[in-house]
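There are 2 protein chains.
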Amino acid sequence: MADKVMIPARKGKAVVVDKGQSIRIINTYGSQVVDTWIYNLHDLSEFQSNEHTRAALLKLQFEPGDFVYTNFRRPIAKVEQDTSPGVHDMLMAACDKYRYQLLGCTEFHDSCTDNLANGMKEIGYEVHETPSPINIFMNIPWTTKGDLTIDPPVTEPGDYIQFRAMMDCIFAFSACPQDILPTNGVDGEITDAHFQIF
Amino acid sequence: MADKVMIPARKGKAVVVDKGQSIRIINTYGSQVVDTWIYNLHDLSEFQSNEHTRAALLKLQFEPGDFVYTNFRRPIAKVEQDTSPGVHDMLMAACDKYRYQLLGCTEFHDSCTDNLANGMKEIGYEVHETPSPINIFMNIPWTTKGDLTIDPPVTEPGDYIQFRAMMDCIFAFSACPQDILPTNGVDGEITDAHFQIF
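If you read the sequences in order, they're chains A and B. Okay, so the first sequence: first residue is -11 according to this note's numbering, each after it adds one. Okay, so the second sequence: first residue is -11 according to this note's numbering, each after it adds one.
Chain A with its partners taken away, still in its complex shape (with noise of 0.2 Å):
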């Protein structure tokens, strides 16, 4: 099993992953959510895509054993483990200059948006869009009326969730710098986490 690599806090880092290879996303201090992408190496233009991951799966959330699907309808990735609670969310968009924004901020805040463009440049990727990400270890629960509350994550440091890549891909991640809602835990610490590829 090769090294662990860091994912600095508040920042965005990318990997290639062969086909046939996993990947473990493991929340390291227990609170931090990674927002993570999911691209086709061979043509960005197909990723991981929400909205077609629900219809396939008729799931507002995956399990192990379950696939990930791309805007093609075509599996990119196997959820192969979870230690976690299994809390993670595919509702939300990814936090961007904007959010911060409207939450108050007048200087220059870190974001997941700007996270994946850096991250995917710095392996020599250019992206010009935010697909809606898989926001791993984020806890958005739902009520049966639809009412959607940010809640803490609900994860103990070491908690790790696995994925198999069905294709040729980059994982694209953001360790999520948003400190002034709930998203990383009430005291709003922003923290590193690790991914590892076997």
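Worth flagging that the hints you see were computed from the coordinates, not collected in a lab. As the structure is a prediction and not an experimental result, all values here were calculated from the model. It is possible that part of the hints are untrue.
Pair by pair, the computed Cβ-Cβ distance ranges are [said to hold, decoys possible]:
| hint | chain 1 | residue 1 | chain 2 | residue 2 | range |
| --- | --- | --- | --- | --- | --- |
| 1 | B | G146 | A | T132 | 24 to 32 Å |
| 2 | A | I138 | B | D(-9) | 43 to 51 Å |
| 3 | A | E177 | B | C93 | 49 to 57 Å |
| 4 | A | G53 | B | L169 | 41 to 49 Å |
Below, a list of computed lysine to aspartate or glutamate pairs in the EDC-like style, where the Cα atoms sit at most 20 Å apart [stated by the list, open to error]:
| hint | chain 1 | residue 1 | chain 2 | residue 2 |
| --- | --- | --- | --- | --- |
| 5 | B | K85 | A | E34 |
| 6 | B | K133 | A | D70 |
| 7 | B | K133 | A | D54 |
| 8 | B | K(-1) | B | D167 |
Footprint (simulated), chain B over chain A, 3 or more residues, beta carbon under 8 Å [stated by the list, open to error]:
| hint | segment |
| --- | --- |
| 9 | 9 to 16 |
| 10 | 56 to 65 |
| 11 | 83 to 90 |
| 12 | 174 to 180 |
Note that CB positions come from ideal geometry on N, CA and C, so glycine has one too.
Given chain A, work out where chain B should sit, using these hints.
Structure of chain B alone, referenced to chain A:
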């Protein structure tokens, strides 16, 4: 009030709506789903986004009085009236050729994805992506566990929903051609729908 304009069964239609105008989408025959997209007329890279609307409303589904938001987190339309039971969908991807291939179609089948592109082209605009649509009148109930089902619409002939444009925009529609699943009723009959601007 202007004349009713037809959204032909199985096809797409797009129209410019000026800031302050209202547009009523009518379920003329009672069980037709109308996939709907809204773009900023002056910058097509800004469009109605379900994942940003959910984050703003903290709801899976809007109600009269709510706004729908763009990917730049600005209100693009206000839900003014809804004479239907208020059941619409913001979770499911637009149907596309891949969907029909997976459902066993070996020949061409109309799709909402093609209809968006064709409707926009008819009025002189090109789109290369298919944002997650507002599936007006589509009935996708969810459970507390997160299971989804594709149920027939609960609408009656003449039911309508009405939006007010908060900026100059384009509304693009598709009278959803899904005739294999019960999306448009158990008989799979696809009908015209209409809109009216005033």
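We went through each hint and held it up to the structure:
The given range of 24 to 32 Å is respected by G146 of chain B and T132 of chain A, whose C-beta atoms sit roughly 29 Å from each other. With their beta carbons about 45 Å apart, I138 of chain A and D(-9) of chain B fall inside the hinted range of 43 to 51 Å. Restraint check, E177 of chain A to C93 of chain B: a C-beta distance of roughly 51 Å satisfies the suggested window 49 to 57 Å. The hint said 41 to 49 Å for the Cβ distance between G53 of chain A and L169 of chain B, and at roughly 24 Å that hint is violated.
A C-alpha spacing of about 15 Å is found between K85 of chain B and E34 of chain A, which places the hinted pair at or below 20 Å, so the restraint holds. As the CA atoms of K133 of chain B and D70 of chain A are separated by approximately 17 Å, the hinted pair is consistent with the 20 Å bound. Between the alpha carbons of K133 of chain B and D54 of chain A the distance comes to roughly 15 Å, so the proposed pair stays at or under 20 Å and holds. The hinted pair formed by K(-1) of chain B and D167 of chain B meets the criterion: a straight-line CA distance of about 13 Å does not exceed 20 Å.
Against chain B, the segment 9 to 16 of chain A contributes 0 residues with a C-beta closer than 8 Å to a partner C-beta. That does not satisfy the three-residue criterion, and the hint is violated. With 4 residues having a beta carbon nearer than 8 Å to a beta carbon of chain B, the segment 56 to 65 of chain A meets the requirement of three or more and the stated coverage holds. By the rule of at least three residues with a Cβ nearer than 8 Å to a Cβ of chain B, the coverage given for the segment 83 to 90 of chain A holds, with 4 such residues. With a cut-off of 8 Å between beta carbons, the segment 174 to 180 of chain A has 0 residues touching chain B; three or more are needed, and the interface restraint is violated.
In this structure, the hints that do not hold are numbers 4, 9, 12, in rising order.
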